[in-house]
Amino acid sequence: MKTWQKLKENPLLFQRYFIKEYIIKACRQFFEERNYHELESPLITNALPQERYLDVLTTEIELKGGIKKTAYLTPTTETYNKKILAAGLGEHFVITKVLRGLEEIGVNHSPEFTMLEWYHLNTDYNGIMRDTEELFLYILNYIKDALQKELKLGTFPIDLSNFNNNQPIITYQGNKIDLSTPWHRVSIPEALKNYAGIKLEDIQDEEAFRKIALEKRYKVSEEDDWQRIYEWIWANEIELKLPTDKPVFVYDFPKQVCVLTKVNPANPLVCERVEIYLAGKEIGNGYTELIDAKYQEARFKEEALARKKLGLKEIAFDHDLINALKSGLPNVAGIGIGLDRVAMVFADAKYISDINYFPVSEW
Amino acid sequence: MAATSELYRGMIIKHNNEPCILIEKEFYSPGKGSAFNRCKLKSIKTGKIVNVVFKSGEKVDELEVSTRNMQYLYADDNYAYFMNPDTFDQVTVPLEDIPGKTDYLHSDAKYIMSFYEDEVIYVQLPAKISLVITEAPEAVKGDTATNALKEVTVETGLKVKVPLFIKTGDKIIINTESGEYYSKENK
Chain A
64 MKTWQKLKEN PLLFQRYFIK EYIIKACRQF FEERNYHELE SPLITNALPQ ERYLDVLTTE
124 IELKGGIKKT AYLTPTTETY NKKILAAGLG EHFVITKVLR GLEEIGVNHS PEFTMLEWYH
184 LNTDYNGIMR DTEELFLYIL NYIKDALQKE LKLGTFPIDL SNFNNNQPII TYQGNKIDLS
244 TPWHRVSIPE ALKNYAGIKL EDIQDEEAFR KIALEKRYKV SEEDDWQRIY EWIWANEIEL
304 KLPTDKPVFV YDFPKQVCVL TKVNPANPLV CERVEIYLAG KEIGNGYTEL IDAKYQEARF
364 KEEALARKKL GLKEIAFDHD LINALKSGLP NVAGIGIGLD RVAMVFADAK YISDINYFPV
424 SEW
Chain B
184 MAATSELYRG MIIKHNNEPC ILIEKEFYSP GKGSAFNRCK LKSIKTGKIV NVVFKSGEKV
244 DELEVSTRNM QYLYADDNYA YFMNPDTFDQ VTVPLEDIPG KTDYLHSDAK YIMSFYEDEV
304 IYVQLPAKIS LVITEAPEAV KGDTATNALK EVTVETGLKV KVPLFIKTGD KIIINTESGE
364 YYSKENK
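Line by line, the protein sequences give chains A and B.
Mapping to the working numbering: the first sequence position 28 is 91, numbers consecutive.
Mapping to the working numbering: the second sequence position 135 is 318, numbers consecutive.
Derived by calculation from the structure, the hints in this document are not laboratory data.
On a predicted model such as this, the values are computed, not experimentally measured, just so you know.
Be careful, since some hints might not be right.
Below are the EDC-like pairs computed for lysine to aspartate or glutamate, each with C-alpha atoms no more than 16 Å apart in a straight line [stated by the list, open to error]:
1. 413/A to 291/B
2. 69/A to 363/B
3. 318/A to 338/A
4. 342/B to 286/B
5. 344/B to 175/A
6. 318/A to 241/A
7. 197/B to 245/B
8. 376/A to 360/A
9. 344/A to 411/A
10. 215/B to 278/A
11. 207/A to 84/A
12. 215/B to 175/A
13. 344/B to 411/A
14. 215/B to 288/A
15. 311/B to 366/A
16. 344/A to 209/B
17. 71/A to 247/B
18. 284/B to 209/B
19. 344/B to 72/A
20. 242/B to 96/A
21. 413/A to 363/B
22. 413/A to 286/B
23. 215/B to 167/A
24. 242/B to 213/A
25. 274/A to 287/A
26. 282/A to 360/B
27. 223/B to 207/B
28. 333/B to 222/A
29. 215/B to 411/A
Chain A on its own, in the form it takes in the complex (with noise of 0.2 Å):
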């Protein structure tokens, strides 16, 4: 049965479209609010930043003359980001779908999903992460209003009951989670000591790595690099540890899984990387933005070459952000969040597939 079909059967699952609507809504105006313009972004682009592990998916398109001409699906918006800030837009934000390839689509996967981008001047990872406290408290109020509106017009059924009372508590799969602030914040090689027992500085050789993953019993071969053997070990001892209670910020990356970060002054082996965990779910990603030409432009040819090396297609190297980058940037922060996930957690819904009215899985 098709999602269409369903609703036409259970008017009651309206309610978590709506959710997934209004968070859209929600975050339109909140940035509205903050004097922010909002960018309208390409959903095919000639050039991407190199990063070795993004599937990028490709199409081809046919320009007069017959000429042919590969055409990524932006997987990501920030380049154009950057290059409009290089320009001079200054604060602004983006909500748009953006495609990756998947081997597989997951509870939480999904090839296209919608990605909200904002890019806060003059500050760092730790502006961004005050931003997104305050933005999903703005979400959840907006939420409680456009439902009592919506139950008012009487038009379809709601159910109140996640969002009745004055605290900003939700409940995600019979959990509670506190969206007051402040959230939990846990840095990255304090994680890796505490529930992996590594420390970033004895992991910086990739065979000195490999030879712990494996004394760890982790199948790890000659193929993994060091950025496949670090996410493993995070996704099997570290990620379901953390902690559900309220969102989790994590921060500072090693530097060999950031590419477009700047590195932490107080720490050169880390980055001013932040991802976002809600109800343990990953939903977020963002950097204190890399703003030296130079340094950028070395980190897309490793990534190029480490592609090269995996065996993954090719992606046309992006001179223009480089070229962009050269001709100065503002020192700013940049932060993407996944909706879809974030729809999710606000209607309650297992699957990303229960957000979206067209899912890929329904095909």
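Put chain B on the given structure of chain A with help from the hints.
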């Protein structure tokens, strides 16, 4: 050996030299990262549940199991009793091994059981189940038929949120994974 793309719920694999049942499997890929499968494995011997992450493409050691269609008979405080409709053999399954315990057990529904060395190791519920409502509060005056939900009890004792037009004696279809009302069954 099976590849991670072939993992499925109810599959029996050897993990750290112990036969385990795969009770949950989720594709997982960190943002801009590589691909993994997050799994929950339950040891057949000890019942202990562990979370394990397999990297995508990793080979896992699959063990042979047989599956049979079984009919539900009845349950007591701790166990449910099922029968093989072909041989009339009965098996006993601890309720804690059945998702939802007795919530989704009904003699009209079909249950697929996996056996390993003659022991039941997994009970697969039907995706949807039809159950009769035994207790439904009357809609409160002032509510319209589309404006709210009410909680009803079905014949197995499970409580479900349904639209107000649903009455005692109605048969409704419930999603056994989410426990949510799906639709009213047309008689």
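Ascending list of hint numbers which this structure does not respect: Structure breaks hints 1, 5, 6, 8, 10, 15, 17, 18, 20, 22, 24, 26, 29.
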